[in-house]
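K.L.:
Here's the letter readout for the chains.
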Amino acid sequence: MDSIVLIKQVPDTTEVQLDPKTGNLIREGLKSIINPDDAHALEAALTLKDRFGGKVTALSMGPMQAIDVITEALGMGADAGVLLTDRAFAGADTWATSFTLARAIQQVGSWDLVFCGRQAIDGDTAQIGPQVADWLGIPQAAYVFAIESVNPKHITVKRRLEDGYERLQCRLPALITVIGEMNTPRFPRVDRLLAGCREKAPIRVFNAADIGVKTREVGLEGSLTHVIKTFAPKFKREGKILEGGKESVVRELIQRLKASEGATACRAFASACEL
Amino acid sequence: MIVWVEKDLCDGCRRCLKACPYGAIEIKEGKAEILDRCTACGACLEVCKAKAIFSDAEPKKIPDFSDHTGVWVFAEQRNGRLNRVCLELLGKARELGEALDQEVCAVLLGSRVSDLSQTLIRYGADKVYLVQHKALTHYRTIPYADAVEALVKIHKPNIFLLGASHLGRDLAPRISRRVGCGLTADCTELSIDPEEKILLQTRPAFGGNVMATIANRYSRPQMATVRPGVMVAVPTPDKKGAVVRHPFQITESRIGVKVLETVREKKTGSDLAEAKVIVAGGRGVGDAQGFQILRELADVMGGEVAGTRVAVEEGWIPPENQVGQTGKSVRPEIYIACGVSGAIQHRAGMMHSRYIIAVNKDPRAPIFQVADWGIVGDLHEIVPEMIRQLQASSG
Ligand SMILES: Cc1cc2nc3c(=O)[nH]c(=O)nc-3n(C[C@H](O)[C@H](O)[C@H](O)COP(=O)(O)OP(=O)(O)OC[C@H]3O[C@@H](n4cnc5c(N)ncnc54)[C@H](O)[C@@H]3O)c2cc1C
Ligand SMILES: Cc1cc2nc3c(=O)[nH]c(=O)nc-3n(C[C@H](O)[C@H](O)[C@H](O)COP(=O)(O)OP(=O)(O)OC[C@H]3O[C@@H](n4cnc5c(N)ncnc54)[C@H](O)[C@@H]3O)c2cc1C
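Chains as they are written, first to last, in this note's numbering: chain A, 1 to 275; chain B, 1001 to 1395.
Just to be clear, a hint being listed does not mean it is correct.
As the list claims (entries may be wrong) - Calculated pairs, DSS-like style, for lysine-lysine (alpha carbon to alpha carbon, straight line, at most 27 Å):
1) B:Lys-1328 / A:Lys-31
2) A:Lys-258 / A:Lys-240
3) B:Lys-1156 / B:Lys-1127
4) B:Lys-1031 / A:Lys-214
5) A:Lys-214 / B:Lys-1018
6) B:Lys-1361 / A:Lys-240
7) B:Lys-1051 / B:Lys-1061
8) B:Lys-1051 / A:Lys-214
9) B:Lys-1028 / B:Lys-1061
10) B:Lys-1061 / A:Lys-229
Keep in mind that the hints were calculated from the coordinates and are not lab data.
Extracted from the complex, chain A is given alone in its bound form:
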């Protein structure tokens, strides 16, 4: 059972500090980490390898420094790593990113499963997994939190739904997106980490030519969507103190809430709708 695991290097947004005055994100000193869901995806692949044998390859697209997450993956037990790095890859939307990753996967050779995280904590789109699966023309199982069984033809998984879960049998080769519930990622082993840092470490570095793409198909140029503006979420607070007796202030509060854009969030107001 050979697997490819897609891992992304991301800034640690759980340690996000906000400027107490402006409420903006303070970017300096943000640590880079392996995207949390991806560590779970890697653990899932390594668990299968422990049981059934096979090879695990970690694949990441990013700047040269993303080699750190590949090394970490080797430390956890991956057999090989591939880093996709090229100035031409920069600024990609999910269309261009998934195309690039899919080309690289086809380049890596034979595999039965592609694992990825459900979602990256920076871009937050959760689109890469399904798009890569579609470029590769293979079935997918998203939001997976348990692998029940694997045989040479099929994998059976449990995947999360909003109100429960689904047991799904999926033909191989397939792509699986993993959620954090699935497992606890193992710690990297120091000897493996050190080996991963040596020159002979089994890490391949690919650029656009190595995966056979044109620069205009990837990165910012190859993208179909573009971020035209970013800003800190800020809402003008009404800052209104409601006055009067208990009953009347609460009534006023509820009226204001009902008339606001927040009304749909509140279950007590939902009964008006027929669903």
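The hints should help you fit chain B with the ligands onto chain A, whose structure is shown.
P.N.:
Showing chain B with the ligands alone in chain A's frame:
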């Protein structure tokens, strides 16, 4: 896209060889030759003194999309019940459709779901594209993607919205890949640019710490998933609409997956990050008993309970429900702070909530400075009154 050398012009100066970042040029018999590795990046064109290198690449143009029209909404249903989010999307789609003077269409897939068409029309659809087939009974990625892909390629919509539900986020990326169009994830705001007439799609990223506005100029439909509970469903009770049925064929061997079982589970534990409503308590709540009342309010509103560090230290709520600098960052639609002073470390975790309500007996408490609406008073009186009135209003 190719790059080539006119051999007659080439003087074999080797400048291109050095400029190529990909090692994709060789000199053979004194002339440059472009290899298969070429990525058409154009670096060699810039350095060639003899102007012997050519490329057929043209500057990226925005194509003419005037043949793409209509605002589409994916009508997500499971077990014959519509997901509320698709009615919310229809509400938004009407607004966008009016701004563009284009019709609103719903896409409904399943088996024996035609009854739902009328609901979709009564919430704003001018037309319902209905595809029914046994293979579409339970959601599976590939048959759904196949069916929607076919519809989109035939009817060429301008805008296509799906709910950012588990299903929507599983399906939308595959459709976007098939159709070759961009996709914006989990939008919380949509509007039409008054000049360019394109869809401006605004969404949170970096765990909600940054908002980004995204445009999709180079492909159609302009496709987005939209966060449930953000847009407002607007009934259009007297509306008439058409139902257009489409045939569909698929074989099980193409699908590749089988749903063995679907299990409904009551959610265990709370999920603050996903909660739309959070009722938070601080020292003013007084004891664990007091948090029971906050729990009741949260239940009536369909939300979760959280608290300050003090509430955690007192053992009234578990540590994973702490909000603030050393706890969780949350951004619900409604955050109700009861008996919370509003220390900066607490505010750091909740200041991006859409609406903030504060109940505190001290009118000078800093929490009122970040609140939309404040009630000065004893939470032990105000909160039960809120529960009473909300219960009365929901009947
Ligand atoms: C503020 C902001 C908003 C954006 N909004 C959009 C948008 O709405 N639509 C859009 O198309 N693009 C958007 N992008 C671009 C998008 O973030 C990038 O394309 C990014 O490379 C992939 O998307 P993601 O981070 O959302 O990954 P996700 O789709 O959330 O990632 C899912 C999984 O895919 C794998 N993966 C993702 N990226 C990589 C990688 N580089 N290397 C290896 N594995 C990877 C990982 O396993 C990961 O867990 C946005 C970017 C920014 C900065
Ligand atoms: C490094 C650091 C990190 C921290 N991280 C966090 C964090 O992540 N999250 C966090 O919350 N705190 C954090 N704190 C603690 C923070 O500074 C405050 O001490 C804490 O938030 C105060 O909690 P409180 O509002 O419950 O209590 P208090 O500040 O004591 O406020 C209680 C409020 O309740 C009101 N009140 C009392 N009785 C009633 C009543 N019957 N009806 C209505 N109102 C009433 C009072 O008027 C008062 O305003 C951190 C502190 C430090 C130094």
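K.L.:
For each hint, tell me whether it holds in the structure or not.
P.N.:
Consistency of the hints with the structure:
At roughly 18 Å between alpha-carbon atoms, B:Lys-1328 and A:Lys-31 fall within 27 Å of each other, so this suggested pair holds. For the suggested pair A:Lys-258 and A:Lys-240, the alpha carbons sit about 16 Å apart, so the restraint of at most 27 Å is met. With a C-alpha separation of about 14 Å, the suggested pair B:Lys-1156 and B:Lys-1127 falls inside the 27 Å cut-off, and the hint holds. Between B:Lys-1031 and A:Lys-214 the alpha-carbon distance is near 23 Å, which keeps this suggested pair within the 27 Å criterion.
At roughly 19 Å between alpha-carbon atoms, A:Lys-214 and B:Lys-1018 fall within 27 Å of each other, so this suggested pair holds. In summary, the hint linking B:Lys-1361 to A:Lys-240 is supported, as the alpha carbons are separated by about 15 Å, within the 27 Å threshold. The straight-line distance between the Cα atoms of B:Lys-1051 and B:Lys-1061 is roughly 25 Å, inside the 27 Å bound, and the hint therefore holds. Restraint check for B:Lys-1051 and A:Lys-214: the C-alpha separation of about 22 Å stays at or below 27 Å, so the hint holds.
Note on B:Lys-1028 and B:Lys-1061: the hinted pairing is violated, with a Cα-Cα distance of about 36 Å set against a maximum of 27 Å. Restraint check: the Cα-Cα separation between B:Lys-1061 and A:Lys-229 comes to about 21 Å, which is no more than 27 Å; the hinted pair holds.
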